[in-house]
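**Q** Okay, here's what each chain looks like letter by letter:
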Amino acid sequence: MGPLIPQEIIGADWNLFIAFVIGIGFGFVLEQAGFSSSRKLAGMFYGYDTVVLKVFFTGAITAMLGLLFFSLFGWIDLNLIYVNPTFLGSAIVGGIIMGAGFIVGGFCPGTSFSAAAIGKIDGMVFIGGLFIGVFFFAEGYPLIEDFYMSGSMGPLKVSEVLGISGGVVTLLIIIAALIMFKLGELAEKRWPRAEY
Amino acid sequence: MNLRNIIFIGLVLLGVVIAMVPENTTKPYKLTAEQMLIEVQGAAEMVIADDVAHWLISKDPSLQLIDVRTPDEYQKFHLEGSLNIPLSTILSSENRDYVDQGIKMNVLYSNGTIGSHQAWMILRQLGFENNYVLQGGLNYWFDTIMNPQAPSVTSADEEFAKYDFRKAASGVFGGGNAETLTAPTANEAEKPRVIRKTKKKAPAGGC
Amino acid sequence: MKTSYMNPYLAGVLLGLVLLMAFFFSGRGLGASGAVKSVMVAAVDIVAPEHTANSHFYSKYVGEGKEPMEAWLVFEMMGVLVGGFLSGAFSGRLNWRIEHFPGITAKRRLVFAGMGGILFGFGSQLGRGCTSGSALTGMASLSVAGFVSMMAIFGTAFAMAFFVRKNWI
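Protein chains in written order, with this note's numbering: chain A, 2 to 197; chain B, -17 to 189; chain C, -17 to 151.
Among the clues, some could well be false.
The calculated label-pair distances, taken between Cβ atoms and stated as ranges, are [stated by the list, open to error]:
| hint | chain 1 | residue 1 | chain 2 | residue 2 | range |
| --- | --- | --- | --- | --- | --- |
| 1 | B | Asn77 | A | Glu161 | 17 to 25 Å |
| 2 | B | Asn77 | A | Met2 | 18 to 26 Å |
| 3 | A | Met181 | B | Leu(-15) | 14 to 22 Å |
| 4 | B | Tyr80 | A | Ile165 | 23 to 31 Å |
Because the hints were derived from the structure by calculation, they are not lab data.
Note that the structure is a prediction, hence the values are computed from the model and not measured.
C-beta: ideal position from N, C-alpha, C; glycine also.
Chain A with its partners taken away, still in its complex shape:
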């Protein structure tokens, strides 16, 4: 029963190696999907290329379903997997700043690495910017530490907040995503761009 390393079915020494292999899969898929192109990524917000929407939501939904089905078959113990803790204030403000960074820079950290891997210099410059931004945060930490730690709600799950099961949440997201995909495809027809 998974997760294999926390349950000590596989030794903890394998963890970093597994991280590397998973990273290869991650980078390969990102690049294959076209996420190494900042113009494709930004296209989401101008309607001409909704690849971000499709890949992102399909990916999240696939993993959601995967986790729930694995749990159903007794292949994974959902109590032992990491659930991102919710710190409401910093999540929102951090998200806003990241959103700005996304549309200004045309990348997010994961995609910038896959872009850099195929030789995109703008991806590399973005990565350089990442280091600087993280450095600013680290140095300015004492000023925002209180805000950073505020609004802690623990590893809260949507299913707990809404009082419905994880499966129902997943189904609702699937339906919402399909609607968004449809809208996305309409948008692409409406605002086509030349190949890039």
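Fit chains B and C to the given chain A structure using the hints.
**A** This is chains B and C only, laid out in the frame that chain A set:
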């Protein structure tokens, strides 16, 4: 039918299935039936009343008594320092950290041994360590520790030593034959080793 | 150059499977910004160890027995570089270029890429994760933080798209 539509339909079907199926919240059993049989026959989980009395008197910090009876019974009487975790609540998530841990030695007790043993069986099968059963429960505790019977004159010396210890102990606990109030100095009761376990915590994650 | 990318829905399914494997093996999801933080912390620690020891931020990662570079995400991102490279090689997309909308100069693109990176670097630390670590992984584990992140990031990007449209369309 193209790939995209296959994926769409697949996701919707899977979504409907997973929404309808009740969530699997069972905790898996870690020990097989054979392993449980061996453990039960070995009876290593039993601790005797005298030892518990000694640990209570010496204020041993690694001892944690757990009363598995109902809250009403707990209110009427409970051993000093014990927690009340009624058998019906023993699997709840709030109590998980008490029964699944590697720091203290939990001694479960009830009026006799049935209730505490029922609790112990469940916890042991889930793979939790460091839980023990008070032999004889509160009934035996009252009979021997709180109201110890003087041994007959022909008994062995050990019997007298035990009796002296129990008399003094009952004094400390506020029992019947309190002839002396000085805390007894019995031999160091051999304590089962607390199995320190690296708690299976969810791993760290994040950015 | 016409490039043929994978069907996005298929790519999404594969991405979800990779994420699922991460959970299944290591009990955690993907991420990216954390690797940048780890490398940065390690670098600062080499240059100024007293500073890191005294700082609330750095001291969490350095000190006795702690090795900031031996982090899951650092190894994962090294894998991402390899995986991205393999995919680019496989599909014939390997070349040095500065990709930008023809209506602006390459230099302008780089300036904005740098600024975007700085914003994203800061924001990812504040938000405890980026789109991979918080939004994607968080949503898969149904965490509220994941959904909040996702909505904040995408919402803001949509809202600001108008102001930087000259860079893209």
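**Q** With reference to the structure, classify each hint as holding or not holding.
**A** Going down the list of hints, with the structure as the test:
| no. | hint | result |
| --- | --- | --- |
| 1 | Asn77/B <-> Glu161/A: 17 to 25 Å | 19 Å, holds |
| 2 | Asn77/B <-> Met2/A: 18 to 26 Å | 22 Å, holds |
| 3 | Met181/A <-> Leu(-15)/B: 14 to 22 Å | 19 Å, holds |
| 4 | Tyr80/B <-> Ile165/A: 23 to 31 Å | 30 Å, holds |
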